[in-house]
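S.K.: Chains as they are written, first to last, in our numbering: chain A, 9 to 134; chain B, 3 to 543.
Hints are computed from structural coordinates only; laboratory data are not their basis.
Hints should not be assumed to be uniformly reliable.
Derived pair list, reagent style BS3-like, types lysine-lysine, alpha-carbon separation capped at 25 angstroms [what the hints assert, rightly or not]: (1) Lys10(A) with Lys354(B); (2) Lys323(B) with Lys312(B); (3) Lys116(A) with Lys354(B).
Reference excerpt, derived from the structure (chain A facing chain B, CB under 8 angstroms, subset only) [what the hints assert, rightly or not]: (4) Glu18; (5) Asn20; (6) Ile21; (7) Leu24; (8) Asp27; (9) Glu28; (10) Lys62; (11) Ala89; (12) Phe90; (13) Lys108; (14) Ser109; (15) Gly110; (16) Asn111; (17) Leu112.
Label-pair ranges, simulated between beta-carbon atoms [to be verified]: (18) Lys125(A) with Tyr467(B): 43 to 51 angstroms; (19) Ala43(A) with Arg538(B): 50 to 58 angstroms; (20) Gln314(B) with Glu78(A): 40 to 48 angstroms; (21) Asp113(A) with Asn364(B): 17 to 25 angstroms; (22) Ile486(B) with Ala120(A): 39 to 47 angstroms.
Think of the CB as a built atom: it goes at the ideal place given N, C-alpha and C, for glycine as much as any other residue.
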Amino acid sequence: MKKILVVDDEANIRILYADELAEEGYEVVTAANTAEAVEKLQESEFDLTVLDIKLKNESGIELLQKLVKERHDMPVILCSAFSCYKDDFSAWLADGYIVKSGNLDELKQEIARVLEKKSQRVKVGI
Amino acid sequence: MDWECCWNRDYVAPGDCPHVFADEDEELLLSKQARILEKCCECDRFKRDLINFRNSGNPWASVVFIINEEYLLQKAQIQSLISFLDNKTLEVRFLHELGSVLQSSVDLDEVLSVALTAITAGKGFGMNRAFLLLVNREEAQLKGHLAIGPRNIEEASQAWDEISRNDLDLKTLAQNFRKNKLTAEKAKFHDVLEQLSIPFSNHEHILIKALESRHPLLVEHAFLNPEVDLEFARLLNVDTFLIMPLISRNRKVGLIIADNCITHRPISAEDMQSLETFTFTVAFAIERAALYDRLQVELNKATEANNKLKEQQELIVKMEKMALVGRITSSIAHSIRNPLMIIGGFARSILKNTPSTDPKKNYIESILGEASQLERVLDEILNYSDSLYPTKDFWDVNQLVESSIRDAQKLFLEKGWVCHFNHADGLPMVYVDFKQVSYCVRALIQNDLEGRTGEEVGVKVYEYYGDVRIVIEDYGHKISQEEIDKLLTPFSETNEMGNGLGVALCRSMLEKQGVPLDVFASPEGGITYTITLPTRKEEQL
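Here chain A stands alone, though its shape is the one from the complex (with noise of 0.2 angstroms):
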């Protein structure tokens, strides 16, 4: 089972990806700030990370760019209520972006594509 961490400073999206990531087969972990984050990725591995970008008085950008060189092999998808953040070019970093929704099938989407691109990735030795 492939297991997602999940960092949202918002208590009711942390349940919704929970329950609706869950329903998809993945193990489900979430975070509500990047101290949480760390704590958690430094207790055990994961094999993808869905952080949203703008955490209460923090940047998730910040937590993005520890992540690529701390735990490079581990993709990051970055979720924003604001599709500028496109633009920004530290957001390009990342391995997906979503802008949020209630309809959760794009950030399924996403997740299952980066995660078949990441397995394809292993299997090559990259």
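With chain A fixed as given, assemble chain B onto it according to the hints.
M.R.: This is chain B only, laid out in the frame that chain A set:
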């Protein structure tokens, strides 16, 4: 002794004296003193009386003779001085008039017209011809600028006739010259003026020498004068001419060459003196007018810079406002998007596990529908915020349209819509914000098909007078012009949020990029949206 002259008579009758006439001043007839001083001393009869008196052996005779000679001499000198003073008075009056005219002008052409008219006018210095050369510091040379005067005797006679017919003052003469003859004189002397360009480095040239000496120079026997370049003498084609340097506040402004090429009247030392006084005023006026010209240029530059600065300031204020709008919309996005997502997401979760027989299923679907609708409105608001900052570049219009259609492909399939695109080869690249234009193309197609099923829409691209057009047209969708107008009005009362903003927002976004959007409804049915895209940057237009 018998006296031939009437000097010893107390009074004379008209006809007694050959020098006193009946219509003359009566005092001469009645006053012996007046008659002796004014008339007798120069009368031949009086002279003969004096000789007879001297021959008579009277010792006083020689004294009277000497006194008379001295008196005649002094009288002649006084007459000469009076004449000189009269001339000087006229000259001072002329210079005063000239000074008044020159002081009141800051226009270089007007100053030059006055100066050259003054030199050549009969009421002025009465020279036949004058050339003005100005110092060109950038090119380091003395350069012919203007000339005045006749080129031959026929032309001179014609000009003098004209002047004698109209008794005009200097100012009027100069005004007439500027108005009617300045351009013609420049053209007339164009060939000579063209050749009157002497580099400062040519220290042997008579003009450069005169300019450096800062004093007027009368050149005589020009064709034989070793100081004068023969080619220069031939160019002026005159034997005698006067060179007057124009010096203002120790700065060399230029020089004037004046001659009497038609009348060949000799140029006197007095002419030189008068002209030298005149050149001080002229040099100062020319320099002042030239400075005024430069000042005008600088003023224009400063005004232009000020206008640009104002534009920049307005732009900064506008950008600050836009940035504020951006921050507000960003804040709204985060404040609204998350709750909407939670409402929609949970409604969707609940709906999945709700049996179709459950009466609450409709309510949940309504919640989901409304949340989706609000999400679309939010997208439009955020897109408008995006449109405040267009990022333009050159793009392939075929790729742009294909990308827009591809993005909407899923929706087309869901709704059973068909979109036909006519790819066109050889089109120039368009200079636009790719994201915004592709959003508009997508939105216009969707807007056109919204609310209908199984409809078709066609998209074509083609070159149009150097620009490129994207035309989106449906087949058979009937709509009135009034409805089109409402479609183009944001939030008009017939439009609902989420689909009514579409066309109005597209027009607003495109217009911000200088891209026109035209909407045409055919009476037979069908709407045509035409977007005309530029192929050049603004500065290339």
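S.K.: Are the hints correct? Go through all of them and say.
M.R.: Do the hints match the structure? See the list:
no.: 1; hint: Lys10(A) with Lys354(B); in the structure: 23 angstroms, holds
no.: 2; hint: Lys323(B) with Lys312(B); in the structure: 16 angstroms, holds
no.: 3; hint: Lys116(A) with Lys354(B); in the structure: 16 angstroms, holds
no.: 4; hint: Glu18; in the structure: 5 angstroms, holds
no.: 5; hint: Asn20; in the structure: 4 angstroms, holds
no.: 6; hint: Ile21; in the structure: 6 angstroms, holds
no.: 7; hint: Leu24; in the structure: 4 angstroms, holds
no.: 8; hint: Asp27; in the structure: 6 angstroms, holds
no.: 9; hint: Glu28; in the structure: 7 angstroms, holds
no.: 10; hint: Lys62; in the structure: 6 angstroms, holds
no.: 11; hint: Ala89; in the structure: 3 angstroms, holds
no.: 12; hint: Phe90; in the structure: 5 angstroms, holds
no.: 13; hint: Lys108; in the structure: 5 angstroms, holds
no.: 14; hint: Ser109; in the structure: 6 angstroms, holds
no.: 15; hint: Gly110; in the structure: 2 angstroms, holds
no.: 16; hint: Asn111; in the structure: 7 angstroms, holds
no.: 17; hint: Leu112; in the structure: 6 angstroms, holds
no.: 18; hint: Lys125(A) with Tyr467(B): 43 to 51 angstroms; in the structure: 46 angstroms, holds
no.: 19; hint: Ala43(A) with Arg538(B): 50 to 58 angstroms; in the structure: 53 angstroms, holds
no.: 20; hint: Gln314(B) with Glu78(A): 40 to 48 angstroms; in the structure: 45 angstroms, holds
no.: 21; hint: Asp113(A) with Asn364(B): 17 to 25 angstroms; in the structure: 22 angstroms, holds
no.: 22; hint: Ile486(B) with Ala120(A): 39 to 47 angstroms; in the structure: 43 angstroms, holds
In this structure, none of the earlier numbered hints is contradicted; all agree with it.
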